[in-house]
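*Asks:* Hey, can you work out the whole structure from these sequences and the hints?
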Amino acid sequence: MPRPALIITGASGFVGRHLLEELKDDYRIFAIARRSQRDCGAPVHSNIAWMQVDIGDVEGLSRTFREIASAGGAKFLFHLAGYYDYALENRPEYRRTNIDGTRNVLELSKQLDLSRFVFASSVAACAFPRREGPITEATPPDGGHIYAWSKREGERMVREEFPSVQSCIVRFGAVYSDWCEYPPLYIFLSTWLGRSWKGRILAGRGESAIPYIHIRDVVTFFRHFLAGHESIRPGEILVACTPGCTSHRRLFELATRSFLGAAKQPVLVPAPLCGAGMVTMSALGRVTGHMPFERLWMYRYIDRKMEVDGSHTRARLGWSPSARYQIERRLPFVIERMKSEQVEWHARNAAVMRRDIARPDLAIFKALVTEENQVVDALVERVDAAATRGLLPAFAAMDQNELSWLVRLLYRLLLTSVQTSNRMLLVNYLEVTGASRFKAGFTADEVCLFLKHMDETVVGALTRRDELKRLGQETYDRITVPIELGMEEVRGQYERFLEGGAAALEEPVESAAAEQPSARELLESTIWSCLVQRR
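Heads up, the sequence shown is in the numbering used here, so the first residue is 1 and it goes up one at a time.
You may find that some hints are simply not true.
[As the list claims (entries may be wrong)] With a straight-line Cα cutoff of 25 Å, these simulated SDA-like cross-link-like pairs (lysine to any residue) come out: (1) K469 / P360; (2) K110 / F162; (3) K305 / R324; (4) K305 / P360.
[What the hints assert, rightly or not] Label pairs and their computed distance ranges (CB to CB): (5) V432 / P184: 45 to 51 Å; (6) N90 / R3: 39 to 45 Å; (7) G73 / G492: 43 to 49 Å; (8) N373 / G500: 37 to 43 Å; (9) A394 / A227: 58 to 64 Å; (10) G289 / R233: 45 to 51 Å; (11) E230 / T288: 54 to 60 Å; (12) E230 / L485: 49 to 55 Å.
Calculated directly from the structure, the hints in this document are not laboratory data. Cβ atoms here follow ideal geometry from the backbone N, Cα and C, with glycine treated the same way.
*Replies:* In structure tokens form, the structure reads like this:
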């Protein structure tokens with residue numbers, strides 16, 4: 001019996017990667033992300049099919065969902081993908097990813113007959129502080145900033161799709177780990193525990209406060225949800241964070257005590273002076289091109305507390321954040337990581353801080369998919385023309401269908417190497433097939449000339465596209481470099497074959513094929529294996 005399947009969008013993100021690690025042994029997971037598995041450091045496992053696509057690209061996402069349906073579909077979808085930056089400026093990416101992307105995922109998920117579609121929202125979508133008390137599951141997403149608007153629209157779309165999509169909404173607090181990995185907290189700790197002149201400054205009375213939740217508690221939340229999802233009503237809102245909130249002053253005290261052995265005394269700066277400082281730093285940032293983390297919008301939240309009460313969620317799921325993972329108890333572990341493993345600590349947090357909106361690899365991949373038939377035909381014609389001039393005799397001896405098949409195979413290897421950021425795929429193929437090619441009479445010069453024609457044909461097709469004209473370096477890195485590595489592999493192989501004789505040409509014996517399952521299981525299993533193995 002195959003494992004139940006689920007889809008995770010935003011699989012390359014902080015929460016997504018941890019969910020993959022937690023659930024990979026028990027579920028088949030379709031992991032959707034803009035980054036490659038290799039780039040983001042996500043786990044590699046036989047139960048994870050990595051599907052690199054931008055949810056804002058409806059054409060590419062439609063193709064992905066067709067593949068998911070062909071591989072047996074899924075029971076759950078966790079929609080974690082989203083855009084946020086701490087400038088909180090009205091950038092187009094909020095609409096493209098958070099609104100249009102969510103609409104695309106919702107619309108395409110209708111074909112899968114999901115048990116639950118889970119939309120990841122945030123308690124930050126709600127205005128605070130509130131006269132009626134803490135934020136709860138019943139609080140409207142009425143925040144005034146652009147991120148709150150995008151989440152409000154997402155929640156609205158999810159509710160409106162009922163009953164076509166059985167959904168629920170989960171509002172998360174500020175998610176962190178023992179490595180920190182929450183950008184504002186990382187900035188605070190780096191400032192308070194570093195040598196900056198701002199190292200003791202707290203805005204206002206230091207009472208700005210938000211609720212946190214450790215990534216381990218997020219993972220257990222999803223475990224409880226999967227076990228008890230049938231008790232959750234469609235459209236229901238859940239809250240996943242620790243109760244109450246933790247102030248900057250409390251964090252400063254705990255952090256400096258853990259780092260230094262004794263808490264430092266903060267310098268409390270009145271809010272109006274902080275506002276003037278933010279204006280000055282922003283002006284300098286615009287001149288120098290290096291904007292500070294502190295932005296003018298933050299002034300409105302000085303000494304404001306975002307208190308949260310998620311008792312309804314805890315009762316509904318039988319889940320609650322662990323006391324040992326509350327930030328006041330866990331911060332010493334974060335500080336110890338910072339002290340004892342500085343390079344790794346800063347590298348992890350720098351990766352979370354970085355927001356790569358433009359994905360040249362996805363643009364090149366999409367163009368390769370679009371241009372496939374034209375490029376394959378053009379390369380076959382080019383090989384035929386070279387063969388008539390006596391330049392590619394072994395290729396000239398090939399049947400035309402066989403030649404077209406080989407060209408398409410190599411093209412798709414190149415396409416997959418772009419999709420997965422694995423530039424050694426073509427090299428690996430040429431290494432495995434080198435002996436049979438040598439025995440068939442192909443020379444090194446001939447194979448390298450063919451690869452050169454392939455590079456020129458593919459690059460030529462890409463550079464003629466308007467959207468790729470500024471991606472010359474990226475095209476070189478993702479197309480030309482793998483092909484040049486392949487050419488060098490071929491030259492090295494042939495040197496070994498000529499020097500080593502028959503022993504160098506021995507190939508490993510393949511193992512016998514395993515017994516085949518039933519027809520439908522075989523089809524879905526085959527498609528699944530293709531999706532997993534294409535990384």
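*Asks:* If a hint holds in the structure, say so; if it doesn't, say that too.
*Replies:* Against the structure, the hints:
1. K469 / P360: holds (11 Å)
2. K110 / F162: holds (10 Å)
3. K305 / R324: holds (23 Å)
4. K305 / P360: Violated: K305 and P360 sit about 40 Å apart, past 25 Å.
5. V432 / P184: 45 to 51 Å: holds (49 Å)
6. N90 / R3: 39 to 45 Å: holds (43 Å)
7. G73 / G492: 43 to 49 Å: Holds, since G73 and G492 (Cβ atoms, about 45 Å apart) stay within the stated range.
8. N373 / G500: 37 to 43 Å: Cβ of N373 to Cβ of G500: about 40 Å, so the range 37 to 43 Å holds.
9. A394 / A227: 58 to 64 Å: Once the Cβ atoms are compared, 60 Å apart, the range 58 to 64 Å for A227 and A394 holds.
10. G289 / R233: 45 to 51 Å: Given range 45 to 51 Å: holds, Cβ gap about 50 Å.
11. E230 / T288: 54 to 60 Å: holds (56 Å)
12. E230 / L485: 49 to 55 Å: holds (52 Å)
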